[in-house]
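Chemist: We have chain C; now place chains H and U onto it with these hints.
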Amino acid sequence: MAENNEVLRFDNVTKRFGETIALDSLSMTLERGEVVGLLGPNGAGKTTALRILLGLIKPTEGQATVYGFDTWLQPVQVHQRLAYVPSEFNVWPNLTGGQILDLLGALYGGYDPDIREQYIERFNFDPNKKGRTYSKGNRQKIALIAALMTRADLLVMDEPTAGLDPLLEQEFQTVLREAKSRGQTILLSSHVLSEVEVACDRVAILRNGRLVEYGTLQDLRHLSARTVEATYRGDPPDFADVTGVEDVVFENGHVRLQVTGSTDPLIKAMAKSEITGIQVREPTLEELFHSYYGEEPVDG
Amino acid sequence: MNEFKGTSTLIRFMLRRDRVRIPLWIAGIVGFVLLFAAAVPGIYPTEADRQARADLWDTPIANLMRGPGYGLDDYTFGVMIAAEIMLYIAIAAALMSIFLIVRHTRREEETGRLELIRSSVVGKYAQSTAAFTVVVLAHLVIAALLALLLPLVGEDLAFGGSLAFGIGIAVAGIVFAGVALVTAQLSEFGRTASSMAAVILAGAFLIRAVGDVQWHILSWFSPLAWPQEMRPFFDERWLPVLLGVVLTGLLVLGAFALNRVRDVAAGVVRPRPGPANASDSLSNPFGFAFRQLRGSLIGWSAGVIVLGATFGSTVGEISDWAAENPGLTELLEAFEGVTVLESFLGFLVMAMALITAGFAIPAALRARSEENEGHAESLLATALARSRWLGSYLLVALLGSAFVLLSGSAALGVLAAIDQNDGGLFLQIMGAALAYIPAIWILIGLAGLLFGALPRAIVVVWIAFLYAFVVGIFGDLLNLPSWMFSLSPYEHVPDLPGGEFTVLSVVLLTLVALALIVAGLISFGNRDLQSV
Amino acid sequence: MNQIISMNDVVKTYGPVRALDFFNLDVNEGEVHGFLGPNGAGKTTAIRILLGLLRHDSGHVSVFDGDPWRDAVALHRRMAYVPGDVSLWPELTGGEAIDVLGRLRGGLDPKKRERLCERFDFDPTKKGRTYSKGNRQKVAIIAAMSSDVELLIMDEPTSGLDPLMEVVFQQVIREEKEAGKTVLLSSHILYQVEILCERVTIIRQGHTVESGTLDELRHLTRTSVTAETEQPAAGLKEFEGVHDFVLENGRAQFNVDTDKLGPVIGEIHSLGIRNLVSQPPTLEQLFMRHYGEELTAEEVAEPETEEVAV
Chain C
0 MAENNEVLRF DNVTKRFGET IALDSLSMTL ERGEVVGLLG PNGAGKTTAL
50 RILLGLIKPT EGQATVYGFD TWLQPVQVHQ RLAYVPSEFN VWPNLTGGQI
100 LDLLGALYGG YDPDIREQYI ERFNFDPNKK GRTYSKGNRQ KIALIAALMT
150 RADLLVMDEP TAGLDPLLEQ EFQTVLREAK SRGQTILLSS HVLSEVEVAC
200 DRVAILRNGR LVEYGTLQDL RHLSARTVEA TYRGDPPDFA DVTGVEDVVF
250 ENGHVRLQVT GSTDPLIKAM AKSEITGIQV REPTLEELFH SYYGEEPVDG
Chain H
0 MNEFKGTSTL IRFMLRRDRV RIPLWIAGIV GFVLLFAAAV PGIYPTEADR
50 QARADLWDTP IANLMRGPGY GLDDYTFGVM IAAEIMLYIA IAAALMSIFL
100 IVRHTRREEE TGRLELIRSS VVGKYAQSTA AFTVVVLAHL VIAALLALLL
150 PLVGEDLAFG GSLAFGIGIA VAGIVFAGVA LVTAQLSEFG RTASSMAAVI
200 LAGAFLIRAV GDVQWHILSW FSPLAWPQEM RPFFDERWLP VLLGVVLTGL
250 LVLGAFALNR VRDVAAGVVR PRPGPANASD SLSNPFGFAF RQLRGSLIGW
300 SAGVIVLGAT FGSTVGEISD WAAENPGLTE LLEAFEGVTV LESFLGFLVM
350 AMALITAGFA IPAALRARSE ENEGHAESLL ATALARSRWL GSYLLVALLG
400 SAFVLLSGSA ALGVLAAIDQ NDGGLFLQIM GAALAYIPAI WILIGLAGLL
450 FGALPRAIVV VWIAFLYAFV VGIFGDLLNL PSWMFSLSPY EHVPDLPGGE
500 FTVLSVVLLT LVALALIVAG LISFGNRDLQ SV
Chain U
0 MNQIISMNDV VKTYGPVRAL DFFNLDVNEG EVHGFLGPNG AGKTTAIRIL
50 LGLLRHDSGH VSVFDGDPWR DAVALHRRMA YVPGDVSLWP ELTGGEAIDV
100 LGRLRGGLDP KKRERLCERF DFDPTKKGRT YSKGNRQKVA IIAAMSSDVE
150 LLIMDEPTSG LDPLMEVVFQ QVIREEKEAG KTVLLSSHIL YQVEILCERV
200 TIIRQGHTVE SGTLDELRHL TRTSVTAETE QPAAGLKEFE GVHDFVLENG
250 RAQFNVDTDK LGPVIGEIHS LGIRNLVSQP PTLEQLFMRH YGEELTAEEV
300 AEPETEEVAV
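Protein chains in written order, with numbering that gives the first Met the number 0: chain C, 0 to 299; chain H, 0 to 531; chain U, 0 to 309.
Please note: incorrect hints may appear among the correct ones.
Straight-line distance between alpha carbons at most 25 Å, and here's what the computed DSS-like set of lysine-lysine pairs gives [claimed, not checked]:
| no. | chain 1 | residue 1 | chain 2 | residue 2 |
| --- | --- | --- | --- | --- |
| 1 | U | 259 | C | 271 |
| 2 | C | 135 | U | 132 |
| 3 | U | 126 | C | 57 |
| 4 | C | 267 | U | 259 |
| 5 | U | 132 | C | 57 |
| 6 | U | 236 | C | 271 |
| 7 | C | 57 | H | 123 |
| 8 | U | 176 | U | 111 |
| 9 | U | 236 | C | 267 |
Just so you know, the hints here were simulated from the structure itself, not pulled from any lab data. What you are looking at is a predicted structure, and each value in this text was computed from that prediction instead of being measured.
With the rest of the complex left out, here is chain C (with noise of 0.2 Å):
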């Protein structure tokens, strides 16, 4: 297979389950040593499409490969290559982290015995209790040492971090950074914003089976204004007459609003009070996400 960048592709895939539409035309690809994320509400499809990129369901129409190969019609060359960490891993409850881990490695066809102790320490796991002994991190903590440890070309992760603890968090993006400077490719379903925004170069957002959008964080960013957020002691800060101040919400001691043009007006009004804290900053994920969202949460 002739090795360009192109590491994996959906090409207008649709996946109708029933009458229900859980992907509908979806057309993107992954270059080599990206690492993107995928973004979306529950039932937006993002799970659909992970499964039909690892073989497990077949596209109702339109063809998805990896590496060149048909995910559905050659999935052990698809899965040669990587290396899937799921949402919710269950354990066999008899077999110690180790002897899964075992298994898993040799699935894939094998390891570096090393890399996976120094994996095993990192995350602070222990490998030689029984699987129904392990508290849901810990189980999910075998899931990515497993596919960690294969050094796969592609990695794909669902939520991998979901009831690992901040700290784990931390040691997460760490891992996902020295990936990528090894030179994998990373595809990254994730609900936590600040982990994508992090450690991600591309990011898609899925929406009712369709994408919606697909671009740098850069190119998402400019349509949107800056978020302030400050936190104060004393009298609130007045913002009456600072020009591109909208969406002013005070709670608590704590303020945000947003901002167009420049801050400098809206920092010298602060100034006049007590300030302990303040972030000015391009708007994140979060906020990128609800304005493609659009509907304010409905209101109790």
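Modeler: Using the frame of chain C, we list chains H and U on its own:
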């Protein structure tokens, strides 16, 4: 071929996972046969003893329950083994297959673990093939052990016969591995896949039963008949092996075809939407437990009714035979104290009562799977007392098992009464059924107590059931000492129909059952709830 | 002020493992109390004791002035639980599951239930086995919130929910609080805890390492600042309270004692702000500071003393 990639790794993995389970199954099956073979020379030392047994055996009753009985004219130990226990060993082998296959296929999908495996370098058929291979290997080990050890342990057991015996068992086991492979593809749940396969097994038993009593050709349509059709220790025939291989091959290909078409973790039938609100009956714990067990209750009731009716349809044959063999009949009646017909009917009710335990015990233990799956936690965090929660499952088991046995006995009773033109027979049969209910309840109580006090030891209730089953079905054959009989609750039931309805024993059994249940509820109230 | 939940020196062991080691927790009436800790620290064990699912070995536990083990049924009428990993009955619909849970608790408000289903965009007619993880969580959340209870105990309730639904969740919790309910919220999502909770308890290896309001916890830490300015920012280094100053490619990064933040911001402003990120010490930083270096290290001195000593 890529579609099978990863099979060998998965085989090793499955063997490792079940490194205790599979040897236990093998030891259990082989062990029982060897014990039997070792014991019978002591019980029937002379040829006269053996022929007496053979004569006793040569009845439609025995045909119904044990098989066609080849070689009765020269009742050697080998013939005895093939005639008396082979059918049940074949059933045990089939159950082992169903259990193992579903465990390693559908259950893996259900828990989502298969997804992780299939996303690795694993072909489409690898999982099913690995599971099937493991089970076939287990059966071949059983066959080999039987072939090699029977001649050593038993008396006058030729190698050829032992080999035929072992292979016959393997045939039944492997065919049902194929059946389970197919049902695992058809249903979305492990539980349903097992039930479907078990229903097919029961159907195979019935077809063979009717065939052995009435039209022998019918038996050939049942894989459970094939082991005995190999006529081990008598006149070995190998055609059934060919049939077994062909049928298994078709089933396996069918399973693969279904696999190819299906998405992972889906069944072939899509789930439909349901009500947005819970009915009132669902919102109380008893109604909830009933709803969960309703399918099982309906299935078992239907099954036992069909069983009762099938048995009932053979009553005519029994009474005809009794009329044609007055000498033997007189002998039997003097021995048992009741008429041949009554003894037969009593045996059938006992058999149905034993089978009903197959509904009762899992129903009582449903609480256990609810706990393991995390559902108990949600419910017990509400204002629901633990005793009410557990008690609901036990109550459904108690009432449900009574219903199952009574309805099956009713079917038997109606047909028997019609055939014999004796309405009183119906009442007698129902009386017998009522008397057996407390015995089933004791098993339910034991399940409840183990769940409440020592959940890790729940397997003990199945051992108790197996004990009762062996004593009930084979007790007379093995000439067991009376203390062994008295350990089974079923043996304390009055001898009906025909005998006296001793109220005291029924009441005592009921009290024991209730005591076990209360102890179970109390101990559950005192232990930690296990986390998922 | 009423203490709705009180756990004093609670110990719980499983064989050789000590899951709770003289653990303390107090939750006052009407507050939203955050409960944090690394995986395996004992949060779930503590919660299960409060729910009467486990019995503690020693120490004192009371909920609504009652014993959660003995008085479980009575207490459960006044509280609702949302687990972190809801497992649904496959054959029942989500709506049926919600009703069963609610009714067993003592009753559901049907209007509230409907409203919540709308707000969470939840379809109650689908069978349990067809729901995604997020939707399963919604079942537990809606069931808990539709009942009229005084105490909500939540163990990572939003795991699996997308960010939109998290916002809905936060709004709903705020409303419950305004209605006077008490909430114990165990979560890994630190900003969620930060927004919703007044007080926080941090558990580690079975015992309480921090407990107090966010303000109290914050003043012990530093704020991190990243600034890009028009004019060079090297001078910032000399300001009082500034530590770990790094200037690279026109971007200055440093930590400053929180109470010295004001003047520093003023100086940055006078240099002309291009980009400024000055995060008030987040719970995340607090958390990290406690455990960051100790992923694999043995327990040494009390972490708090290390904090204050700077």
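Chemist: All hints are to be evaluated individually against the structure, with a verdict given for each.
Modeler: Evaluation of the provided hints:
1. Restraint check: the Cα-Cα separation between residue 259 of chain U and residue 271 of chain C comes to about 16 Å, which is no more than 25 Å; the hinted pair holds.
2. Restraint check: the Cα-Cα separation between residue 135 of chain C and residue 132 of chain U comes to about 14 Å, which is no more than 25 Å; the hinted pair holds.
3. For the given pair, residue 126 of chain U sits about 23 Å from residue 57 of chain C by alpha-carbon distance, which is consistent with the 25 Å threshold.
4. For the hint pairing residue 267 of chain C with residue 259 of chain U, the CA-to-CA distance comes to about 18 Å; that is within 25 Å, so the pair holds.
5. Of the supplied pair hints, the one linking residue 132 of chain U and residue 57 of chain C holds, its CA atoms being roughly 22 Å apart against a limit of 25 Å.
6. Taken as a hint, the residue 236 of chain U and residue 271 of chain C pair is honoured in the structure, with Cα atoms around 24 Å apart against an allowance of 25 Å.
7. For a cut-off of 25 Å, the pair hint linking residue 57 of chain C to residue 123 of chain H stands: about 13 Å separates their Cα positions.
8. Taking the CA atoms of residue 176 of chain U and residue 111 of chain U, the gap is about 16 Å. The hint holds against a cut of 25 Å.
9. Our distance criterion of 25 Å between C-alpha atoms is met by residue 236 of chain U and residue 267 of chain C, whose separation comes to about 22 Å.
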